[in-house]
Amino acid sequence: AQSVSQHNHHVILSEAASLELGCNYSYGGTVNLFWYVQYPGQHLQLLLKYFSGDPLVKGIKGFEAEFIKSKFSFNLRKPSVQWSDTAEYFCAVMLAAGNKLTFGGGTRVLVKP
Amino acid sequence: SQTIHQWPATLVQPVGSPLSLECTVEGTSNPNLYWYRQAAGRGLQLLFYSVGIGQISSEVPQNLSASRPQDRQFILSSKKLLLSDSGFYLCATTGTGFVYGYTFGSGTRLTVV
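If you're matching them up, the sequences are chains A and B in order.
In short: position in the first sequence from 1, add 2, done, that's this note's numbering.
In short: position in the second sequence from 1, add 17, done, that's this note's numbering.
Simulated from the structure, these hints should not be mistaken for laboratory data.
Just so you know, even glycine gets a beta-carbon here, dropped at the ideal spot from N, CA and C.
Worth double-checking, as some hints may not be accurate.
[To be verified] One side only, chain B facing chain A, incomplete, derived with CB under 10 Å:
1. W24
2. L28
3. Q30
4. L61
5. I70
6. Y119
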């Protein structure tokens, strides 16, 4: 069965530190990849997505992610985090020919001021 | 742009009582609709999805059911709630395409006591 794994459940770091969140998936076909963020008390929001083309995608708020097909990975990065990046981050995958989004378990990120 | 309305925002129900959560979508027609549950400390789990009126696919066997009586209305129900049904329920739509991923509603926090 298809699955999405996020390696870290909780991450704590200081402002200006770099952030990298891992995401691996197990799908056999062509996939569409997403990262969502949920700030405290807010809706899930789309950070960035990958459908095709350049495997390094840039999203909102300075986030980027790199699709490495050979590793079935789609890791999220931000060079320098801010306190306002405190949130829960979800990786999600959809088969290109499908209509269901499968989420990873999420990573709670706490940025200390 | 499409928007999702979910209600109620918070619900406390006793074990064994019925449940009805409603989700309506605006700004699109014939959308794909989804119910997800986010349990404490866990990721987002797809419960049901619908590609049209009266068409429901269940992802996880459980105590819940879903219905789609109208094009832009999606209802999550239970005849008798269990303690394990507690969680955060999210309705989502992809509208008529997946280009922008999913749009999520604001969610319903259900506590079964």
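Hint check:
no., hint, result
1, W24, "violated, 14 Å"
2, L28, "violated, 17 Å"
3, Q30, "violated, 22 Å"
4, L61, "holds, 4 Å"
5, I70, "violated, 16 Å"
6, Y119, "holds, 6 Å"
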